[in-house]
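Trainee: One line per chain: the protein sequences are A and B, in this order. FYI, in the working numbering the residues of the first sequence are 1 to 244. FYI, in the working numbering the residues of the second sequence are 1 to 242.
It should be emphasised that the hints constitute simulated quantities derived from the structure, not laboratory data. All of these numbers come straight from a predicted model, not from anything done at the bench. Do not rely on the hints blindly, as some may be mistaken.
With a straight-line cut-off of 20 Å between C-alpha atoms, the simulated DMTMM-like cross-links for lysine to aspartate or glutamate are [what the hints assert, rightly or not]: (1) A/K78 to B/E131; (2) A/K241 to B/E81; (3) A/K242 to B/E68; (4) A/K242 to B/E131; (5) A/K78 to B/E81; (6) A/K78 to B/E68; (7) A/K242 to B/D67.
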Amino acid sequence: MRNVAIVFRRELASYFATPLAFVFIVIFLVLAGAFAFYLGNFFERGQADLTPFFTFHPWLYLFLIPALSMRLWAEERKSGSLELLMTLPITLWQAVLGKFAAAWAFAGLALLLTFPIWITVNYLGDPDNGAILAAYIGSFLMAGGFLAVGACLSATTRNQVIAFIVTVVVCFAFLLSGLPMVLGLFQGWAPQVLVDAIASFSFLTHFNAIAKGVIDLKDLVFFAALIAAWLSANAIVLDMKKAD
Amino acid sequence: MIEVNQLTKRYGSLTAVDGVSFKVDAGEVLGFLGPNGAGKSTTMKMIAGFLAPTSGRVSVCGHDVVDEPIAAKSVMGYLPEGAPSYAEMTVAAFLEFIADVRGLTGADRRGRFDDVVGRLALGRVLDQPIETLSKGYKRRVGLAQAILHDPKVLILDEPTDGLDPNQKHEVRSLIDAMARDKIIIISTHILEEVDAVCTRAIIIANGKILADDTPEHLEARTPSGRLEDVFRSITLGTAAHA
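Could you put together the complete structure from these sequences and hints?
Mentor: In structure tokens, the structure reads:
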């Protein structure tokens, strides 16, 4: 645990050592706001809730989270620091967890900084703050899911651009699998079990369930299992492909 | 003591290291010599626990590198080829990170930190990001990281590559000063370095050990008495295509 914390601190500090932290947070906040106000018609709806804000989170994460995760391991590979990290007395798992936790905490910080919109909606009306808190938790969990996918794919290459593009594509598939138009492709012929299985892999399905204000155990388990599975794959990929 | 027993590494059909065995005792400075691509770095990466051997064993101070990686890595300091580090970190932050990982605390930590910074003359650049440093400084940061916890075993992959003659001399003095009670393995293709710091040299080509002797004995093998001629006659015989 001590070693996880050491890796975590170093990784998190490295975000702030470069303009990356600043650029990411500013763009995240601007886009989150722009989507909520312009596309989501935050004011015009005349309802005191944050639905227009959270609705766009999956799509925002689709491009921003891979930008955060692409450097996680690809950069270590490229610079050779992976060799240094792997010959220090820390285990592979401590390194994987520490780096992932740092990226997740950073995404969490960006999310926290959207708090003015929460204050705004409370000023304008009388929203269901429990539901908003649940949506924040759901959004944070979804960010973790995206990040775990990105961390694993970043470990497969030394090229950050490749890591970014592949992560976007895989995350897109995870998002889309819950949309009616995708499920419609299967509904005609495939057994209902398969359609349900595909739908159950969707980030959207689980995020929307939580965003409605209901934190169901099965949605929590989904994200926890997803993160655990991708991080396991991350560790395996690193172990197998250390030399390249 | 380091014991390397029948160490082999294969990449598909390519055998990078082929049944290498040797022992190193405390107080020895072992020089690894060989042409580029001979398997020097691969052998060192396996000793340091970065690459898993295809077969064979490495034991460092009684700890098997594969079975007890953390114990083995704890007693080792390793400078990878090219001295990689975290470019965006400052020298001080990077060394603090290494001190954290190595579990150094309190007065011991302060003492080790100051000692290493002094020995490698890093005082002036402590607050600079590593990416802004010259090649010579980067190499010294890599060395500082390797010796920070005063390890019993030092594995240095081309420690003087990219240094100017004065810096090379300083690094050699540093190795000399630490040699008495440590095991040091360095790889190099600078032959004068072997004469200057090593008590023993292993010449390796195509993944196999071709000679394992003191520099003096190796030099005695040719009439000219020059290590360079020994190196050429030994490695060209079997690695003419390399």
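Trainee: What's the verdict on A/K78 and B/E68, does the C-alpha distance respect the 20 Å limit or exceed it?
Mentor: violated (28 Å)
Trainee: Is the Cα-Cα distance between A/K78 and B/E81 20 Å or less?
Mentor: holds (13 Å)
Trainee: Are the Cα atoms of A/K78 and B/E131 separated by 20 Å or less?
Mentor: Cα-Cα ~14 Å, so holds.
Trainee: Regarding the pair A/K242 and B/E68, is the alpha-carbon distance no greater than 20 Å?
Mentor: Answer holds: A/K242 to B/E68 is near 18 Å, not above 20 Å.
Trainee: Just to be careful, I want the Cα atoms of A/K242 and B/E131 compared with a cutoff of 20 Å; is the pair within it?
Mentor: violated (24 Å)
Trainee: Verify the proposed pairing of A/K242 with B/D67, using a straight-line Cα cut of 20 Å.
Mentor: holds (18 Å)
Trainee: Is A/K241 close enough to B/E81, meaning Cα to Cα at most 20 Å?
Mentor: Since the Cα atoms of A/K241 and B/E81 sit roughly 18 Å apart, the hinted pair holds (cutoff 20 Å).
Of the numbered hints given earlier, the model fails hints 4, 6; all others are met.
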